[in-house]
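Participant: Residue numbers (the numbering used here), protein chains in the order written: chain A, 1 to 622; chain B, 623 to 994.
By construction, these hints were calculated from the structure, which means they are not laboratory data. Hints may contain errors.
[What the hints assert, rightly or not] Where chain A lies over chain B, by a calculated footprint (3+ residues, C-beta under 8 Å):
id, stretch
1, 669-676
2, 689-700
3, 743-749
4, 757-771
5, 781-793
6, 857-871
Being a predicted model, the structure only gives us computed values, none of them experimental. Note that beta-carbon positions come from the ideal geometry of N, C-alpha and C, so glycine has one too.
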Amino acid sequence: MLKRRVTIQDFAAEARLFNSRAIVAMLFVVVLFSVIVFNQYKLQVVLHQDYQTRSEGNRIKVVPLAPNRGLIFDRSGILLAENRPVFSLELIPEQISDMTATLAGLAELIELSPEQQDAFLKQVKAQRRFNSIALKEQLNDTEVAVLAVNQHRFPGVTVEARLSRHYPFGDLFTHAIGYIGKINTRELQQLEADGEAANYAASRDIGKIGLERYYQRELHGTMGYQEVEVNNRGRLIRVLRSVPAVSGRNIHLGLDVGLQLTAQQILQHQRGAIVAIDPRDGAVLAFYSNPGYDPNLFVHGISSANYNELLNSRDRPLINRVTQGTYPPASTIKPHLALLGLETNTITPATKIWDPGYFMLPNSDHRFRDHLRWGHGWVDIYMAVMKSCDTFFYEMGVKLGIDRISDYMSKMGFGEKTGIDIQEESSGIMPSRGWKRARHNQPWYPGDTVPLSIGQSYWTTTPLQLTVATAVVLNKGLLPTPHLVTAFSDETGTSPVEPALTRTIEVVDERNWDVVMDTMHRTVRDLGGTAHRAFLGTDYQAGGKTGTAQLAAIAQGAEYDAETIDERLRDNAMYIGYAPYDKPSIVITIALENAGGGGANAAPMARQILDYYFAAGVNRDE
Amino acid sequence: MNDQFTGNARHSRLAMFHIDTPLLLGLLALIGFGLMVLYSASGQNIAMMKGQLVRLGVALAVMIIFAQIKPQTLRRWSLPLFIAGLGLLVAVLMVGHVGKGAQRWLDLGFMKFQPSEIMKLAVPMAVAWFIASHSLPPRLWHLVAGFLMCAVPTVLISQQPDLGTSILIATAGVFVLFLSGMSWRLIAFVAGLVSAFLPILWLFLMRDYQRQRVLTFLNPESDPLGSGYHIIQSKIAIGSGGVEGKGYLHGTQSQLEFLPERHTDFIFAVLSEELGLMGVLLLLGLYLFIISRCLLIASRAQDNYGKLVAGSFTLTFFVYVFVNIGMVSGLLPVVGVPLPLVSFGGTSMVTLMAAFGVIMSVGTHKRMLAAP
Numbered sequence: 001m002l003k004r005r006v007t008i009q010d011f012a013a014e015a016r017l018f019n020s021r022a023i024v025a026m027l028f029v030v031v032l033f034s035v036i037v038f039n040q041y042k043l044q045v046v047l048h049q050d051y052q053t054r055s056e057g058n059r060i061k062v063v064p065l066a067p068n069r070g071l072i073f074d075r076s077g078i079l080l081a082e083n084r085p086v087f088s089l090e091l092i093p094e095q096i097s098d099m100t101a102t103l104a105g106l107a108e109l110i111e112l113s114p115e116q117q118d119a120f121l122k123q124v125k126a127q128r129r130f131n132s133i134a135l136k137e138q139l140n141d142t143e144v145a146v147l148a149v150n151q152h153r154f155p156g157v158t159v160e161a162r163l164s165r166h167y168p169f170g171d172l173f174t175h176a177i178g179y180i181g182k183i184n185t186r187e188l189q190q191l192e193a194d195g196e197a198a199n200y201a202a203s204r205d206i207g208k209i210g211l212e213r214y215y216q217r218e219l220h221g222t223m224g225y226q227e228v229e230v231n232n233r234g235r236l237i238r239v240l241r242s243v244p245a246v247s248g249r250n251i252h253l254g255l256d257v258g259l260q261l262t263a264q265q266i267l268q269h270q271r272g273a274i275v276a277i278d279p280r281d282g283a284v285l286a287f288y289s290n291p292g293y294d295p296n297l298f299v300h301g302i303s304s305a306n307y308n309e310l311l312n313s314r315d316r317p318l319i320n321r322v323t324q325g326t327y328p329p330a331s332t333i334k335p336h337l338a339l340l341g342l343e344t345n346t347i348t349p350a351t352k353i354w355d356p357g358y359f360m361l362p363n364s365d366h367r368f369r370d371h372l373r374w375g376h377g378w379v380d381i382y383m384a385v386m387k388s389c390d391t392f393f394y395e396m397g398v399k400l401g402i403d404r405i406s407d408y409m410s411k412m413g414f415g416e417k418t419g420i421d422i423q424e425e426s427s428g429i430m431p432s433r434g435w436k437r438a439r440h441n442q443p444w445y446p447g448d449t450v451p452l453s454i455g456q457s458y459w460t461t462t463p464l465q466l467t468v469a470t471a472v473v474l475n476k477g478l479l480p481t482p483h484l485v486t487a488f489s490d491e492t493g494t495s496p497v498e499p500a501l502t503r504t505i506e507v508v509d510e511r512n513w514d515v516v517m518d519t520m521h522r523t524v525r526d527l528g529g530t531a532h533r534a535f536l537g538t539d540y541q542a543g544g545k546t547g548t549a550q551l552a553a554i555a556q557g558a559e560y561d562a563e564t565i566d567e568r569l570r571d572n573a574m575y576i577g578y579a580p581y582d583k584p585s586i587v588i589t590i591a592l593e594n595a596g597g598g599g600a601n602a603a604p605m606a607r608q609i610l611d612y613y614f615a616a617g618v619n620r621d622e
Numbered sequence: 623m624n625d626q627f628t629g630n631a632r633h634s635r636l637a638m639f640h641i642d643t644p645l646l647l648g649l650l651a652l653i654g655f656g657l658m659v660l661y662s663a664s665g666q667n668i669a670m671m672k673g674q675l676v677r678l679g680v681a682l683a684v685m686i687i688f689a690q691i692k693p694q695t696l697r698r699w700s701l702p703l704f705i706a707g708l709g710l711l712v713a714v715l716m717v718g719h720v721g722k723g724a725q726r727w728l729d730l731g732f733m734k735f736q737p738s739e740i741m742k743l744a745v746p747m748a749v750a751w752f753i754a755s756h757s758l759p760p761r762l763w764h765l766v767a768g769f770l771m772c773a774v775p776t777v778l779i780s781q782q783p784d785l786g787t788s789i790l791i792a793t794a795g796v797f798v799l800f801l802s803g804m805s806w807r808l809i810a811f812v813a814g815l816v817s818a819f820l821p822i823l824w825l826f827l828m829r830d831y832q833r834q835r836v837l838t839f840l841n842p843e844s845d846p847l848g849s850g851y852h853i854i855q856s857k858i859a860i861g862s863g864g865v866e867g868k869g870y871l872h873g874t875q876s877q878l879e880f881l882p883e884r885h886t887d888f889i890f891a892v893l894s895e896e897l898g899l900m901g902v903l904l905l906l907g908l909y910l911f912i913i914s915r916c917l918l919i920a921s922r923a924q925d926n927y928g929k930l931v932a933g934s935f936t937l938t939f940f941v942y943v944f945v946n947i948g949m950v951s952g953l954l955p956v957v958g959v960p961l962p963l964v965s966f967g968g969t970s971m972v973t974l975m976a977a978f979g980v981i982m983s984v985g986t987h988k989r990m991l992a993a994p
């Protein structure tokens with residue numbers, strides 16, 4: 001200071017001015033730093049939780065894990081629906097330096113269509129570079145082997161295994177088990193409506209038909225998930241937490257592979273259905289509709305050519321004849337009607353009528369003909385069932401009247417869905433006054449009751465319904481709800497399905513039921529019974545009833561001639577049967593389309609099924 | 623002041639090289655801390671760290687060189703440097719190399735060069751030279767001339783367009799005028815003028831992307847995946863850091879790259895996330911120490927030119943710090959300003975250290991005789 005001689009005053013003032021400005025500036029700096037600190041406090045302390053949550057939301061993604069679908073077994077534990085690894089050729093674009101060369105190289109090893117390559121390249125553009133993209137799916141064993149050997153030549157190329165549904169028996173169980181397919185928009189909406197969509201985040205397939213559809217919820221299982229840390233491009237960094245998926249429950253069927261194979265072999269090209277249940281609990285033992293189709297075609301998406309072929313086939317393979325085929329029951333319902341006649345005292349075991357070969361209503365000259373032109377002569381209930389006398393039933397039916405018939409038969413399950421555990425089911429038709437008024441807007445005429453008494457005219461039933469109705473007779477009024485599934489199982493154990501038996505008919509006199517059982521036994525046992533020839537020499541005692549359903553109206557006085565009539569208008573052959581006679585453990589229905597007489601065509605098939613059933617010991621508790 | 627001379631002579635050999643020891647230590651601490659944060663922010667990229675070390679070495683060397691130049695020499699070169707800078711700015715507008723959609727670079731063949739960096743030094747130096755050649759406080763016409771000296775390069779740079787740098791350069795010049803003692807009434811008047819100028823800036827001078835930045839700043843959530851993404855992710859990083867941080871190298875926002883520009887403009891968010899409020903306070907403490915030390919040097923400078931230049935450089939340094947942190951933490955719109963001495967980056971660091979060299983020069987070159 002001392003040395004500043006000249007304008008010392010001036011310098012001091014300038015220095016003070018600058019210093020005051022420097023202090024203001026310093027204050028300014030401190031204030032603004034305080035603003036920063038205050039803002040940091042707000043972000044890092046006050047709002048910390050909020051930002052913490054958002055930060056976690058950024059880095060943590062939940063990856064769903066699909067559960068393995070439950071397996072399906074037959075009654076002896078043979079696998080009917082399994083999950084097989086299928087192999088697909090997958091490429092990770094990020095790891096491939098020259099895509100064109102790689103594709104060309106792969107095309108030399110396995111068959112690659114230009115369409116497959118185009119579809120793949122489209123996916124490459126659409127997806128993230130580090131995602132694995134399928135080039136070809138469902139590789140065969142040779143392709144898998146060739147690719148495995150050459151894999152070292154192609155970095156970024158892998159063969160991936162994924163589980164896929166497979167039905168090893170092909171068309172043998174199609175109509176019972178059904179199949180799965182890719183979830184479509186409608187199904188997705190349904191899942192969302194049911195609040196189940198979240199559980200399907202990793203699932204590609206859903207049961208479309210049959211058991212696969214009915215038990216979709218049980219078979220599907222519970223999705224698992226992985227919490228993974230991802231970076232800003234979505235690439236997986238590490239797995240933070242993993243909750244494994246819970247596999248779907250396995251289902252065990254009452255169906256038997258041997259019975260199914262027998263049914264398939266005996267039907268061959270015959271259109272029709274074979275169904276057998278255990279009358280005691282409703283477990284379905286055999287369930288076969290012919291023709292069938294291969295459900296495996298549907299799993300990976302059926303080609304439209306294949307689908308059209310199935311859809312337009314004259315044999316209608318897509319129809320489930322066991323539960324959707326509606327046939328006139330014909331004479332197979334005679335035992336059921338006989339029971340009604342006895343229980344209502346319309347007839348007694350001693351009642352005899354004269355059969356001249358036809359029946360006429362009072363004040364009418366229309367002749368309702370017996371299948372035996374010359375008539376059966378004097379007939380009682382035993383003869384009427386055993387030889388399938390139509391006139392006896394015409395007369396009894398008219399006496400019973402439509403109301404009692406309709407009411408009683410409904411209690412046996414006719415005209416109602418059986419409630420079997422698949423959704424594809426028709427109810428058939430049990431006609432009544434009300435039904436005719438509603439359907440045809442006509443009153444019920446006595447003339448309508450006559451053919452109804454032999455299971456013709458408006459009356460239609462599904463083979464399964466007929467089986468259940470027969471079981472009601474065998475069970476003395478207890479109606480079993482048929483079920484394909486007999487048990488569920490998972491890691492924790494097996495839980496059987498409780499049989500559902502409903503008393504729908506009150507027994508008036510037990511002896512009436514025994515009489516009806518006896519009539520069916522005689523049909524098989526006694527010479528002259530319509531099923532006698534078919535069951536000659538069995539080492540078990542069976543009962544049954546044949547039926548021949550007339551499809552073409554035959555003019556008064558004309559003859560039915562199978563040779564001249566169109567094949568599709570020929571008679572349906574029907575048969576109901578059960579065994580053993582005294583303690584039935586199986587009740588069976590055979591329905592054959594346009595096959596001719598029931599005794600000649602359907603009864604022998606029932607015999608083969610029952611022979612196998614007893615020989616192979618299907619029912620192990622016997 | 624006597625004891626200051628003796629003190630300098632006694633306590634440090636560094637004084638012989640015109641190095642201010644406390645400031646050097648402050649800078650080295652900041653640089654060390656910055657390198658540590660950068661190691662994490664770069665994703666532990668060794669190549670990037672080497673690049674940064676080389677650049678820091680060059681920048682420190684430049685600082686030391688500038689510290690050797692006497693303030694009088696600097697003062698003499700102030701105007702020529704300013705005029706040369708203006709020429710280069712014009713050249714850049716005519717033949718400049720287009721980088722990142724803006725003409726900022728001049729390709730000299732062996733290196734690319736950003737003339738606006740020169741102006742960061744040249745503008746305050748030239749204004750200080752002009753103001754300090756008269757007695758303080760400056761008269762009105764001195765101030766008008768000073769403003770013009772700021773305005774011309776500012777307009778030129780804003781045409782590149784580089785709004786951030788142009789405003790910072792204008793600010794550096796204005797700080798000289800403020801420190802020189804322009805009256806508070808005049809300051810209020812200029813502030814009024816500037817606010818009146820803002821609509822003109824918005825309507826005529828700003829480019830679309832610049833307007834977008836401001837709009838995004840005002841409401842970042844309006845465009846969370848577009849231009850608001852930066853600021854949202856940055857605030858998430860800061861907020862989720864909490865008081866203690868997620869741990870060094872363990873910031874999820876930064877390590878998983880949700881945070882954009884994590885090693886450059888947004889490095890402050892990395893620090894906030896991994897080291898928390900504690901780390902932030904340490905950083906702010908270092909800055910505050912450096913700024914205080916520089917202002918002290920300025921106030922002790924022996925002539926007005928030195929005081930004004932050192933003061934202006936210091937305040938500009940502070941503005942860099944504040945603008946960067948303000949932008950990263952959502953207080954200010956996003957303008958491309960790095961965090962001084964911490965962000966990974968090129969020429970601006972060299973310029974900055976040159977400025978610290980000048981400040982050291984001002985603080986260590988004591989004339990035995992006062993100038994008239």
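Participant: Confirm or reject each hint.
Facilitator: Going through the hints against the structure:
no.	hint	verdict
1	669-676	violated (count 0)
2	689-700	violated (count 0)
3	743-749	violated (count 0)
4	757-771	holds (count 3)
5	781-793	violated (count 0)
6	857-871	holds (count 9)
Hints 1, 2, 3 and 5 from the list above are not met by this structure, while the remaining hints are.
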